[in-house]
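Residue numbers (our numbering), protein chains in the order written: chain A, 59 to 446; chain B, 25 to 330.
In short, the hints are calculated from the structure, not lab data.
There may be inaccurate statements among the hints.
Result set (DMTMM-like, lysine to aspartate or glutamate): computed pairs, CA atoms no more than 25 Å apart in a straight line [stated by the list, open to error]:
1) A/Lys397 / A/Glu340
2) B/Lys119 / A/Asp315
3) B/Lys119 / A/Glu114
4) B/Lys194 / A/Asp315
5) A/Lys258 / B/Glu39
6) B/Lys113 / A/Asp315
7) B/Lys119 / A/Asp429
8) B/Lys120 / A/Asp213
9) B/Lys118 / A/Glu310
10) B/Lys120 / A/Glu105
11) B/Lys119 / A/Glu310
12) B/Lys119 / A/Glu304
13) B/Lys198 / A/Asp315
14) A/Lys300 / A/Glu310
15) B/Lys113 / A/Glu310
16) A/Lys300 / A/Asp238
17) B/Lys261 / A/Glu114
18) A/Lys258 / B/Asp138
19) B/Lys118 / A/Glu232
Okay, the calculated beta carbon distance ranges per label pair [unchecked claim]:
20) B/Gly65 / A/Glu232: 50 to 60 Å
21) A/Ala388 / B/Gln196: 28 to 38 Å
22) A/Glu232 / B/Gly151: 16 to 26 Å
Some, not all, of what chain B presents toward chain A, calculated at C-beta under 8 Å [what the hints assert, rightly or not]:
23) Pro43
24) Asn67
25) Val79
26) Thr87
27) Asn100
28) Lys118
29) Lys120
30) Ile139
31) His303
32) Gly307
33) Ile311
Positions of the beta carbon are idealized from the N, C-alpha and C atoms, including for glycine.
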Amino acid sequence: MKRVGLSGNYAVAYAVKMADVDVVAAYPITPQTTIVEKLSEFVANGELEAEYINVESEHSAMSACVGASLTGARVFTATSSQGLAYMHEVLFMASGLRTPIVMANVNRALSAPLNIWNDHSDAMAERDAGWIQLWVTSAQEAFDATLEAFKIAEDVLLPVMVNLDGYILSHTYEPVVLPDESLVREFVPSRPLQNRVSPKFAYSIGVVGPPEAYYEMKYQVVDAIEKSRKKIKDVDKEFGDKFGREYNFVNEYMMEDADYALVTMGALTGTAKAVASGLRKEGEKVGVLSIRCFRPFPKEEIVALLGDLKGVGVVDRAVTPGGPSNPLFADIATTLYEKGRRPLLQSFVAGLGGRDVPVDDFKLMFGLVKDVVKEGKSRPCVYVGLRE
Amino acid sequence: MTIGFRTIKEVPKDEFLAPGHRLCAGCTAATAIRQVLKAAGRNIIVTTATSCLEVATSYFPQTAWRVPWVHLGFENTAALASGIESAMKALRRKKKSEENPHVIAIGGDGGTFDIGLQALSGALERGHDFLYICYDNEAYMNTGIQRSSATPYSAATTTSPPGKKSIGQKTQKKDLVGIAVAHEIPYAATACPSYPIDLMNKVKKGLEVEGPALLHILTPCPTGWRFDISMGIELGKMAVLTGLWPLYEVENGVTRLTVQVPKREPVKKYLELQGRFKHLTEGEIKIIQERADRLALKFGMGPLRQ
Numbered sequence: 059m060k061r062v063g064l065s066g067n068y069a070v071a072y073a074v075k076m077a078d079v080d081v082v083a084a085y086p087i088t089p090q091t092t093i094v095e096k097l098s099e100f101v102a103n104g105e106l107e108a109e110y111i112n113v114e115s116e117h118s119a120m121s122a123c124v125g126a127s128l129t130g131a132r133v134f135t136a137t138s139s140q141g142l143a144y145m146h147e148v149l150f151m152a153s154g155l156r157t158p159i160v161m162a163n164v165n166r167a168l169s170a171p172l173n174i175w176n177d178h179s180d181a182m183a184e185r186d187a188g189w190i191q192l193w194v195t196s197a198q199e200a201f202d203a204t205l206e207a208f209k210i211a212e213d214v215l216l217p218v219m220v221n222l223d224g225y226i227l228s229h230t231y232e233p234v235v236l237p238d239e240s241l242v243r244e245f246v247p248s249r250p251l252q253n254r255v256s257p258k259f260a261y262s263i264g265v266v267g268p269p270e271a272y273y274e275m276k277y278q279v280v281d282a283i284e285k286s287r288k289k290i291k292d293v294d295k296e297f298g299d300k301f302g303r304e305y306n307f308v309n310e311y312m313m314e315d316a317d318y319a320l321v322t323m324g325a326l327t328g329t330a331k332a333v334a335s336g337l338r339k340e341g342e343k344v345g346v347l348s349i350r351c352f353r354p355f356p357k358e359e360i361v362a363l364l365g366d367l368k369g370v371g372v373v374d375r376a377v378t379p380g381g382p383s384n385p386l387f388a389d390i391a392t393t394l395y396e397k398g399r400r401p402l403l404q405s406f407v408a409g410l411g412g413r414d415v416p417v418d419d420f421k422l423m424f425g426l427v428k429d430v431v432k433e434g435k436s437r438p439c440v441y442v443g444l445r446e
Numbered sequence: 025m026t027i028g029f030r031t032i033k034e035v036p037k038d039e040f041l042a043p044g045h046r047l048c049a050g051c052t053a054a055t056a057i058r059q060v061l062k063a064a065g066r067n068i069i070v071t072t073a074t075s076c077l078e079v080a081t082s083y084f085p086q087t088a089w090r091v092p093w094v095h096l097g098f099e100n101t102a103a104l105a106s107g108i109e110s111a112m113k114a115l116r117r118k119k120k121s122e123e124n125p126h127v128i129a130i131g132g133d134g135g136t137f138d139i140g141l142q143a144l145s146g147a148l149e150r151g152h153d154f155l156y157i158c159y160d161n162e163a164y165m166n167t168g169i170q171r172s173s174a175t176p177y178s179a180a181t182t183t184s185p186p187g188k189k190s191i192g193q194k195t196q197k198k199d200l201v202g203i204a205v206a207h208e209i210p211y212a213a214t215a216c217p218s219y220p221i222d223l224m225n226k227v228k229k230g231l232e233v234e235g236p237a238l239l240h241i242l243t244p245c246p247t248g249w250r251f252d253i254s255m256g257i258e259l260g261k262m263a264v265l266t267g268l269w270p271l272y273e274v275e276n277g278v279t280r281l282t283v284q285v286p287k288r289e290p291v292k293k294y295l296e297l298q299g300r301f302k303h304l305t306e307g308e309i310k311i312i313q314e315r316a317d318r319l320a321l322k323f324g325m326g327p328l329r330q
């Protein structure tokens with residue numbers, strides 16, 4: 059075990075190396091690139107015994123990953139924004155063919171206008187692709203989630219996307235505890251070679267699923283991701299036992315006796331917590347809930363933690379133009395409505411295209427949640443930090 | 025060096041593409057792939073792009089493939105094959121598996137010339153050890169005969185219909201083997217199932233070389249070209265004998281005609297067998313004849329039969 063300074067991207071790369079992946083197929087895109095640069099370096103130095111495929115596009119990156127994964131190999135790729143959007147159709151094929159690919163998605167806004175900075179619109183646009191989505195809030199978490207991802211993916215046979223915020227996490231250096239490689243190998247031993255594409259078996263894979271078959275085949279993905287909750291929990295527990303850090307589906311901060319809370323994802327969580335901590339000192343009963351596992355969505359945890367609050371503000375870092383609400387808000391509202399629990403919900407959008415979301419913005423959001431509770435009625439979505 | 029088949033009697037009796045698939049009666053793509061698989065043998069993994077071949081051979085719960093087979097999407101079969109080939113290499117190197125199959129990627133002309141060209145170029149450039157096969161029926165037949173960039177000049181398709189202001193397809197087909205050769209790959213060739221020994225020996229060569237190989241196979245399509253279902257093999261022969269489909273190979277940059285045509289037939293004899301050319305006037309036929317003459321000159325075929 060050693061403690062080193064690593065960027066979020068390098069933390070991911072170290073996890074991939076320690077997991078001893080067999081194949082990496084990747085295409086450069088900002089701000090993901092330093093992950094695959096580091097992996098290329100590991101391969102070039104002989105520190106990682108993998109085939110590195112320098113594909114000509116993200117579409118081919120994901121296609122090559124599916125092919126490699128079907129043979130039983132452990133497979134990794136990384137992307138951002140346009141790259142993820144370019145993979146779109148293949149993402150559905152990856153989950154449909156039950157390939158346990160692990161991908162780091164370094165969250166970045168989608169064009170136009172062209173923007174290389176952070177928001178969550180890339181991953182939100184792929185939420186229905188049948189991928190498990192983990193979201194991290196620090197470089198350490200990026201490392202840990204990547205390791206957990208291999209174990210989860212290969213057990214439930216679904217691909218896993220590890221999301222980390224572009225620049226804010228990907229390029230910020232933080233202290234990261236790297237465990238001994240032997241312990242990591244114990245945690246994620248080689249993927250067993252079974253049910254695979256091999257010259258020994260004349261399997262046909264990726265067949266035409268006519269109306270009599272498609273529905274059931276698709277439902278298997280729905281069923282698998284629903285059932286993955288248990289495995290995600292078990293893997294996290296095992297990780298905790300071995301390495302001393304556990305994460306669960308959500309990260310709760312000062313939620314025990316809170317009246318009001320903000321729900322966040324990714325790096326925004328840190329600022330939200332700092333502001334909540336300050337408000338607590340002023341006597342405000344506020345908390346923060348950050349979603350670590352966005353797919354499958356942590357329904358039970360949401361109901362248990364938010365159901366009895368007076369007011370909840372949901373901070374989306376992505377938009378659904380013309381929709382009734384934005385993606386995270388929609389999921390929170392649906393979850394609570396289903397269970398008949400109705401805290402006052404206020405929708406916020408913040409930080410699109412890398413716009414900084416400073417402390418004052420969080421103060422404003424906490425304040426607004428309290429206000430709307432007083433008013434007994436939420437306001438239309440508030441676009442925090444948007445210039446008139 | 026592989027010893028090629030000399031006569032049809034030497035060709036294995038194994039059938040790896042099972043009968044009963046849903047390809048049209050008279051489809052020569054089926055014939056071509058049957059020949060490819062006979063030449064390749066059992067130690068293979070096949071990938072296929074979305075295409076007539078794919079939808080007609082893998083309709084759940086049936087499959088016509090007696091070898092390992094994977095379909096992923098339309099434009100990415102070369103990338104899929106890259107992943108399989110690389111993974112097999114990694115697993116061998118890490119002593120997780122000893123398997124060393126040939127990887128064969130198959131696409132139609134749309135999946136190769138148009139939407140799949142980028143993935144193909146990437147895979148050829150990276151030097152994966154695989155054989156790419158384009159079966160070329162000269163249009164998007166699976167979706168109902170739309171033109172592709174492999175459709176020949178003046179052919180009628182549903183998206184290049186002849187009319188008062190149109191002669192049909194306005195452009196000439198791309199030189200796919202030329203594009204492949206520009207990647208400096210060790211082996212590229214044309215073939216046609218009407219010449220099975222030539223086709224199968226090219227498959228063997230393509231699999232034997234280290235690195236990427238490409239085989240471009242003309243597969244006459246009775247549905248799209250509008251000819252009698254008994255005539256597919258004859259059509260392929262006429263394409264070769266007119267000089268419009270020269271059978272050649274490019275081995276490490278050296279081009280060699282593999283089936284000589286001492287006396288070429290006029291292109292009219294090929295065109296008049298097909299409904300897709302029935303609107304042509306002497307003017308267009310002359311343009312097509314001139315193209316055949318240029319190809320004959322380029323590849324060293326004989327003079328036109330008078």
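Status of each hint after checking the structure:
1. A/Lys397 / A/Glu340: Violated: A/Lys397 and A/Glu340 sit about 33 Å apart, past 25 Å.
2. B/Lys119 / A/Asp315: violated (56 Å)
3. B/Lys119 / A/Glu114: The given pair, whose Cα atoms are some 29 Å apart, is violated under the 25 Å limit.
4. B/Lys194 / A/Asp315: violated (74 Å)
5. A/Lys258 / B/Glu39: Holds, because 17 Å separates the two Cα atoms, which is no more than 25 Å.
6. B/Lys113 / A/Asp315: violated (56 Å)
7. B/Lys119 / A/Asp429: violated (64 Å)
8. B/Lys120 / A/Asp213: holds (19 Å)
9. B/Lys118 / A/Glu310: violated (42 Å)
10. B/Lys120 / A/Glu105: Between B/Lys120 and A/Glu105 the Cα gap is close to 18 Å, so the pair holds against 25 Å.
11. B/Lys119 / A/Glu310: At roughly 45 Å apart (the allowed maximum being 25 Å), A/Glu310 and B/Lys119 break the hint.
12. B/Lys119 / A/Glu304: At roughly 34 Å apart (the allowed maximum being 25 Å), A/Glu304 and B/Lys119 break the hint.
13. B/Lys198 / A/Asp315: Since the Cα atoms of B/Lys198 and A/Asp315 sit roughly 71 Å apart, the hinted pair is violated (cutoff 25 Å).
14. A/Lys300 / A/Glu310: With Cα atoms ~22 Å apart, A/Lys300 and A/Glu310 stay inside 25 Å; holds.
15. B/Lys113 / A/Glu310: It is violated: about 45 Å lies between the C-alpha atoms, which goes past 25 Å.
16. A/Lys300 / A/Asp238: Between A/Lys300 and A/Asp238 the Cα gap is close to 11 Å, so the pair holds against 25 Å.
17. B/Lys261 / A/Glu114: violated (38 Å)
18. A/Lys258 / B/Asp138: violated (33 Å)
19. B/Lys118 / A/Glu232: violated (33 Å)
20. B/Gly65 / A/Glu232: 50 to 60 Å: Hint holds: Cβ distance 55 Å, inside 50 to 60 Å.
21. A/Ala388 / B/Gln196: 28 to 38 Å: Given a distance of about 52 Å, which is not inside 28 to 38 Å, the answer is violated.
22. A/Glu232 / B/Gly151: 16 to 26 Å: violated (39 Å)
23. Pro43: Given a least distance of 16 Å, the restraint on B/Pro43 is violated.
24. Asn67: With a closest approach of 5 Å, the B/Asn67 hint holds.
25. Val79: OK, holds: B/Val79 within 8 Å of chain A, min 5 Å.
26. Thr87: This interface hint holds because 4 Å falls under the 8 Å limit.
27. Asn100: Nearest chain A Cβ about 4 Å off; hint holds.
28. Lys118: B/Lys118 check passes; min Cβ-Cβ to chain A is 6 Å, inside 8 Å.
29. Lys120: Since chain A brings a Cβ to about 6 Å from B/Lys120, closer than 8 Å, the hint holds.
30. Ile139: Status violated, d = 10 Å.
31. His303: violated (35 Å)
32. Gly307: violated (42 Å)
33. Ile311: With Cβ-Cβ at 36 Å, over 8 Å, it is violated.
Against the hints set out earlier in the document, violations occur for numbers 1, 2, 3, 4, 6, 7, 9, 11, 12, 13, 15, 17, 18, 19, 21, 22, 23, 30, 31, 32 and 33.
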